[in-house]
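Peer 1: As you go down the protein sequences, you meet chains A and B in turn.
Residue 311 in my numbering sits at position 311 of the first sequence, and the numbers go up by one each step.
Residue 128 in my numbering sits at position 128 of the second sequence, and the numbers go up by one each step.
Bear in mind the hints are in silico, worked out from the structure with no lab data behind them.
Mixed in with the good hints there might be a few duds.
Rough simulated footprint, nothing fancy, chain A against chain B, three-plus residues with beta-carbon under 8 Å [said to hold, decoys possible]:
1) 41-54
2) 116-127
3) 143-157
4) 233-247
Each residue gets a CB set at the ideal place from its N, CA and C atoms; glycine is no exception.
2 protein chains.
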Amino acid sequence: MSGEGDLIARLRALAPHPAARGLLDDAAVLPAPVGRDLVLTHDMLVEGVHFLPDCPPGDVAWKLLAVNLSDLAAKGATPIGVLMGYGLTGDTAWDAAFVDGLARALTHFNVSLLGGDTVAQPSGQARVLGLTAVGQAPAGGVPDRRGAKAGDRLWVTGPIGDAGLGLQIALGQIEGPRRLLKAYRLPMPRLALGRALAPHVSAMADVSDGLLIDARRIAAASGLAVTIDLAAVPLSDEAKTLGLDPLTAATAGDDYQLLFATSSVDVERIAAEHRAAASPIGYFEEGEGLALVDAGTPIDLPASLGWEHGA
Amino acid sequence: MSGEGDLIARLRALAPHPAARGLLDDAAVLPAPVGRDLVLTHDMLVEGVHFLPDCPPGDVAWKLLAVNLSDLAAKGATPIGVLMGYGLTGDTAWDAAFVDGLARALTHFNVSLLGGDTVAQPSGQARVLGLTAVGQAPAGGVPDRRGAKAGDRLWVTGPIGDAGLGLQIALGQIEGPRRLLKAYRLPMPRLALGRALAPHVSAMADVSDGLLIDARRIAAASGLAVTIDLAAVPLSDEAKTLGLDPLTAATAGDDYQLLFATSSVDVERIAAEHRAAASPIGYFEEGEGLALVDAGTPIDLPASLGWEHGA
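Chain A with its partners taken away, still in its complex shape (with noise of 0.2 Å):
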């Protein structure tokens, strides 16, 4: 398979990093980081489900790797490569197209990939393709999903659902502004805020699956209860003039903002620092579960909280 070779050759171009051995050995042999934790995460993406048919082979490489590091920002740490799973469907323009999105990406983000894998996918099968994201631990600790504690407020870094109009975009169910499908397809991980943010929370995500479903995981992680006030989830200007309601906001996923809990008071000006606007959106108490208030006044919880598709 000729294909192969050369996207083996391209990618090697992608791995400068003397961990991944020019990609020329079995695995990568990474000098682990002085006094360090590493941050370790896993995600994949499925042609169909997490990205369309449609979508231009260069925005899926930014989006598998700007969804792994996400996570990372999300653990206050600094990436320092990935390994890349990736399935070969025999479209060796996509495989081109897909190699010199992920070199952008690579080179913005500043990672090498180290390693990984290249695999013969049946044809015509939804192509499936994971990335391994390693990272350098914050000093001072790595915020847990399990450490919210009662009487912190929920906070949220930017905009919810300005990605879920993207998808709609994509899909050609509305019209919108090129911002809104750009949210979609090329999600920008919080990195710098994380990292700035890790010492000052108790508790923090990223937003994957949905505002509603990732605050309740907080909560179950850490036993506790979270109220959510619809009414203060920020939506960007563009969302409102499209008329989104807050609660399709807060199930639509894919917006990768930052979801934390704390007592801090310095979290709105530190976001402030990294151009973010942190807006606190709800509250933990004593209890277990997931309740919504519009401006105070209780409302039902939606059928479905967003994407349950995996952890």
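Guided by the hints, dock chain B onto chain A, whose structure is given.
Peer 2: Structure of chain B alone, referenced to chain A:
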């Protein structure tokens, strides 16, 4: 999807390592081993490509772990934990049997599940599974595929071709003893032997895609030529009984023996201490490429050297 909820609950039981954070966080947080490098590898298995659709799910789980641990073995590394990417196709009985097998395999190798992702795959499509294994490097340095020296002999740690025969048995093409089927479905990574050999080799890899192709990769990565004597390739008694010829054995793949270059004379004794029989099967010299001899007589290379499915 309650099936998925059950699956994740069962996976949590396989993740006792504190680094896994109970699979409740976005990422695993691993204390870096003091003074040791980390070895990282990621291999995938695709249904119909790397395992047959009728393979028992528990055996697929074993193989997914074993092929990755074999890469660690080839680096002399000690496994710490794994992150798994698991494609759900809606067959909850299959998933349950897979998790049972994964539990057995993780226990056998004393490895913890640290994290990962479960994703929905379109139903009816070939399952795609990925695994990232993390190990602690040996104290004396990590053998590299690129380190072979002119004058080194090429060694292999045990019989070649059993797994290829096991595949033929699984396909119903031949009949043969159950041990050969097991060699295909339940490969045994040479972890202890890899650790013992690591200080004594100049290059090491595992035999995954076929003896010839893996030997050629060591030679190419080291900038050398390698000659293999087919008459010296070790075959099991069962393989001899079935009339396996050494060239077929050397192109069959999935053996997961260790293949290494060294000028040491100690390796035969070290292997024997690990109840393995290391065989010298060739040598490296200045030049490039792979040459075959049969008891000294040059023979032509076959059209296919093995599985060219990736790095």
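Peer 1: Tell me, which hint numbers fail for this structure?
Peer 2: Structure breaks hint 4 only.
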